[in-house]
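There are 2 protein chains.
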Amino acid sequence: MKPTLLTHITLAIMNAQPLIKSKQAEKTIGGVSTQVVCTEFSNYIFVVLTQYGKIGSLISITPDSKTGDISKPMYTTKVLLGKDETLTHVCAKHLASFVSQESGNRPVLLGLALKDSSIESIKIMKELIKTCQVW
Amino acid sequence: MKPTLLTHITLAIMNAQPLIKSKQAEKTIGGVSTQVVCTEFSNYIFVVLTQYGKIGSLISITPDSKTGDISKPMYTTKVLLGKDETLTHVCAKHLASFVSQESGNRPVLLGLALKDSSIESIKIMKELIKTCQVW
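Chains as they are written, first to last, in the working numbering: chain C, 1 to 135; chain D, 1 to 135.
Hint data in this document are derived by calculation from the structure and do not stem from the laboratory. Don't take every hint at face value.
A pair counts as met if it fits within one copy or between any two copies, since identical chains are not told apart.
Stated by the list, open to error - In silico lysine to any residue, SDA-like type, Cα no more than 25 angstroms apart, as pairs:
(1) Lys23 x Gly53
(2) Lys21 x Cys132
(3) Lys115 x Leu19
(4) Lys72 x Ala113
(5) Lys123 x Pro73
(6) Lys23 x Ser33
(7) Lys54 x Met74
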């Protein structure tokens, strides 16, 4: 089948869209400047949450395919870069599970560099991530 | 020392800048739509180069601190996500070494999903990455 004029127009429109969606935000949380960047890929949502301007740890958060209760999915967290500490896994699950859920159970790649990981701050950080919804 | 008016103004100007620099571009290379996103962090340059809209492999490219010849730095590549294949390491070094060099020897975090990894295409991809210079 030869490409028609319609095909060309459709391709032109598709090319005009930004192909990779990315959003960022900044907020002072507990006196600390906090930045977030969210970028959508077809197989991952990439989220960086930083209070140092750097990617400290890099964690993958993957929903488990086998779970007894569909309404409460379980997640496997893996530290790909940085120190493998319990707190990192806990924070990653708190911060990124909802992103995975809302994005059709896509895994999340999370860059994390926090000065303050109190539960109060984590709650506000989740709201900040929500403002950068790209999924 | 109390914050002065100048401190406040300086902080206001700093806050007005986009804190995390990110650029993206798209080009058809060898008939294949290719997207690149580059994001700057203080300790990493994050580059995604994709022909599938996804992060296929995730590779860290780190300059070796100890090298005999300063003019030709060596790099250690590590596959953090995806298949650990020789071709992945080779492509990663070809594509990201110059980013590390130009950004003051910062390590590079490279997301890679290529349909076509011919040397001709890799050269054009390097030029595409250059158009997204955030370092």
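Going through the hints against the structure:
1. Lys23 x Gly53: Classified as both: same-chain Cα gap 16 angstroms, cross-chain 17 angstroms, threshold 25 angstroms.
2. Lys21 x Cys132: both (10 angstroms within a copy, 15 angstroms between copies)
3. Lys115 x Leu19: Answer is between; shortest inter-copy Cα gap is 17 angstroms, intra-copy 33 angstroms.
4. Lys72 x Ala113: neither (27 angstroms within a copy, 32 angstroms between copies)
5. Lys123 x Pro73: So lysine 123 and proline 73 pass the 25 angstroms test inside one copy only (20 angstroms; across, 43 angstroms).
6. Lys23 x Ser33: Cα proximity of lysine 23 and serine 33: in one copy and across copies (17 angstroms, 22 angstroms).
7. Lys54 x Met74: Between. Shortest inter-copy distance 23 angstroms satisfies the 25 angstroms Cα cut-off; intra-copy 28 angstroms does not.
Checked against the numbered hints above, the structure violates only hint 4.
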